[in-house]
Amino acid sequence: MRVAVTGLGCVTPIGTSVETFQKAMYAGQSGIGPFPREFPGALSPDPGLRYQTLGLVKNFDAASHLSQSVMIVADRSAQMGIVAARQAMEDSGMLSRHEPAATAVITGCACGGRAADEDANRGLYTRNARVPPTAILRTMASSGASHISTEFGITGPVLNIATACASGTHAIGMAFHMVRSGMVSAAIAGGYEAPLTFGFLRAWDSMRVVSPQGCRPFSVDRDGMTLGEGAAMLTLEPLEDALARGARVYAEIVGFGMSSDAHHITQPRAGGAALAITRALEDARHAGIENAASRIGYINAHGTGTAANDATEAEAIHIALGNRAQDVPVGSTKSLTGHSIGATGAIEAVATVLALKNSLLPHTAGVVNVDSALELDVLVNEPRPLNPQRDLALSNSLAFGGLNAVLAFRRLVP
Amino acid sequence: MNDIGARIIELIAKSKDLPPAGIGPDTTFEELQIDSLDKVNLSFEVEEMFSVEIPDESLNSLKTVGDIVRGVERLVAAKAREQEA
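Residue numbers (numbering that gives the first Met the number 0), protein chains in the order written: chain A, 0 to 413; chain B, 0 to 84.
These are computed hints drawn from the structure, not numbers from a lab. Note that beta-carbon positions come from the ideal geometry of N, C-alpha and C, so glycine has one too. There could be a bad hint or two in this list.
Just a few of them, taken from the derived set where beta-carbon distance is under 7 Å, the chain A residues facing chain B [claimed, not checked]:
(1) S205
(2) R207
(3) T265
Calculated lysine to aspartate or glutamate pairs in the EDC-like style (CA-CA distance at most 20 Å, straight line) [to be verified]:
(4) B:K38 <-> A:D116
(5) B:K38 <-> A:E374
(6) B:K62 <-> B:E72
(7) B:K78 <-> B:D55
(8) B:K62 <-> B:E81
(9) B:K38 <-> B:D55
Restraint ranges, calculated between C-beta atoms of paired labels, are given here [to be verified]:
(10) B:K13 <-> A:E374: 21 to 31 Å
(11) B:L58 <-> A:P99: 48 to 58 Å
(12) A:Q67 <-> B:D37: 42 to 52 Å
(13) A:V130 <-> B:E56: 39 to 49 Å
(14) B:A79 <-> A:V367: 37 to 47 Å
(15) B:A76 <-> A:Q28: 44 to 54 Å
(16) A:V367 <-> B:A84: 38 to 48 Å
(17) B:E30 <-> A:V130: 43 to 53 Å
(18) A:D376 <-> B:K13: 45 to 55 Å
(19) A:G270 <-> B:A84: 45 to 55 Å
(20) B:A76 <-> A:E18: 57 to 67 Å
(21) A:Q67 <-> B:D66: 51 to 61 Å
(22) B:A76 <-> A:G122: 21 to 31 Å
Construct the complete structure from the given sequences, taking the supplied hints into account.
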């Protein structure tokens, strides 16, 4: 069975709708910027962070979208997830054909409602404050999935996946396999994350992997990642159904590969990521695609901008694609959005699908001098047309703990 | 080794589950199988212990136990001068 992507939704640092996201992505307008250096509960006005920038979602008024009863029990991450899901559902109109009882909601959220947790504990540990009854509900990482299920009356499989920086990609991949196998009739999948509390920022600061001024993936002078927040959702359904109901098909999802490095909690190993890429390409055989490696026209890399990630990911691409590796345009949209942990893979899946739909590849904004040692064709300066001879694109996610997930999409000519 | 050195060696020995006697100034991080994460953890503990801040650039250049001990000694001395001034 072939599976189509028929609806998109996103709430990101570069746009809170697919339309604004797409416009900013191709204009290279980064959502990474200075953040207000005032944090609830911080004991010093100087937060003592080595970095000055974040990818914050701006102009997002959740209360204008959601009822007060949902606002009270849903943390910012879930709020963004619900709004992104609503956009994707409205975009696809999928439930006009698919029974909610046979539909799945698969989300990726790794950090849960961190802000709610910190708020409650700060009061408790400093002045023995009572903990509000909503604290647990706002803290649950799966709450967004539950709210999406409730909003649309979806009673099929609903679950949240927490695989750190690969959560959103794992969620979309699992949903894809559930639809392809016929286990469900359709699915909405993606990720949501809003973890940018003072405690979270300080914890990342201690790891010394955050860039002082902003991430520059694949740049010779890259000096770390940039933290972000956001949400993105995609609706997936059998291609046949999508065509029968005259739905807009953004792209076909054709492959999903997973692997674990089985190596180290922070240090990535190229062999693990290469295995996930290879498996995603092999998986595309189910969609009738042979020689998938020769058809890749774009890789939306994990591309965090740390020295270790980008070098290891480049090596993985070389291992998986061999002498074709240098001919494949590779970019990272994290230079626009930052790294939103569990949501980032979903945001990048949306970017990848749009790149195929438009036959136009987003560039890695803000990068001037590409690290030639990586031996990759890195997309910089401006968007580049997709090679018309190539119809596949990959979206890579390589998480801390060595958990790798790779999605493969195919451009469908209307 | 002086007090700073002894305390740092004790930290390293404990984190790597090794007897402190086998660790000296010339012991390399490589020999101790101290990877980048261990280094970040060690620097955090050392910063806490001596109330100093090890800059990223210095951290990257540390190769031996003596390197980190000398670096911390310099930071501690600089801090003492700062407090006197």
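Hint says 48 to 58 Å; check whether the CB-CB distance for L58 (chain B) and P99 (chain A) agrees.
-> 53 Å, holds
Could you say whether the range 38 to 48 Å given as a hint is met by the Cβ separation of V367 (chain A) and A84 (chain B)?
-> For V367 (chain A) and A84 (chain B) the Cβ distance comes to about 42 Å; the hint holds.
Should the hint that A76 (chain B) and G122 (chain A) are 21 to 31 Å apart at their CB atoms be regarded as holding?
-> 42 Å, violated
42 to 52 Å as the expected CB spacing between D37 (chain B) and Q67 (chain A), which holds or is violated = Given range 42 to 52 Å: holds, Cβ gap about 49 Å.
If you draw a straight line from the CA of K78 (chain B) to the CA of D55 (chain B), is it 20 Å or shorter?
-> Roughly 18 Å separates the two Cα atoms, so the pair holds.
With a cut-off of 20 Å on the C-alpha distance, tell me whether K62 (chain B) and E81 (chain B) pass.
-> 28 Å, violated
Distance restraint evaluation - K13 (chain B), E374 (chain A), Cβ atoms, bounds 21 to 31 Å = For E374 (chain A) against K13 (chain B), whose Cβ atoms are near 42 Å apart, the range 21 to 31 Å is violated.
Is the distance from the Cβ of E30 (chain B) to the Cβ of V130 (chain A) consistent with 43 to 53 Å?
-> 48 Å, holds
Could one say that the CB atoms of A76 (chain B) and Q28 (chain A) fall in the range 44 to 54 Å?
-> The hinted range 44 to 54 Å holds for A76 (chain B) and Q28 (chain A), with Cβ atoms some 48 Å apart.
Hint check for E56 (chain B) and V130 (chain A) - Cβ pair distance inside 39 to 49 Å = 43 Å, holds
Given the hint that K38 (chain B) pairs with D55 (chain B), does the C-alpha gap stay at or below 20 Å?
-> Holds. K38 (chain B) to D55 (chain B) sits at ~11 Å (cutoff 20 Å).
Would you mind confirming whether the straight-line C-alpha gap from K38 (chain B) to D116 (chain A) stays at or under 20 Å?
-> Distance of about 30 Å is beyond 20 Å: violated.
Hint violations for this structure: numbers 4, 5, 8, 10, 22, all remaining hints satisfied.
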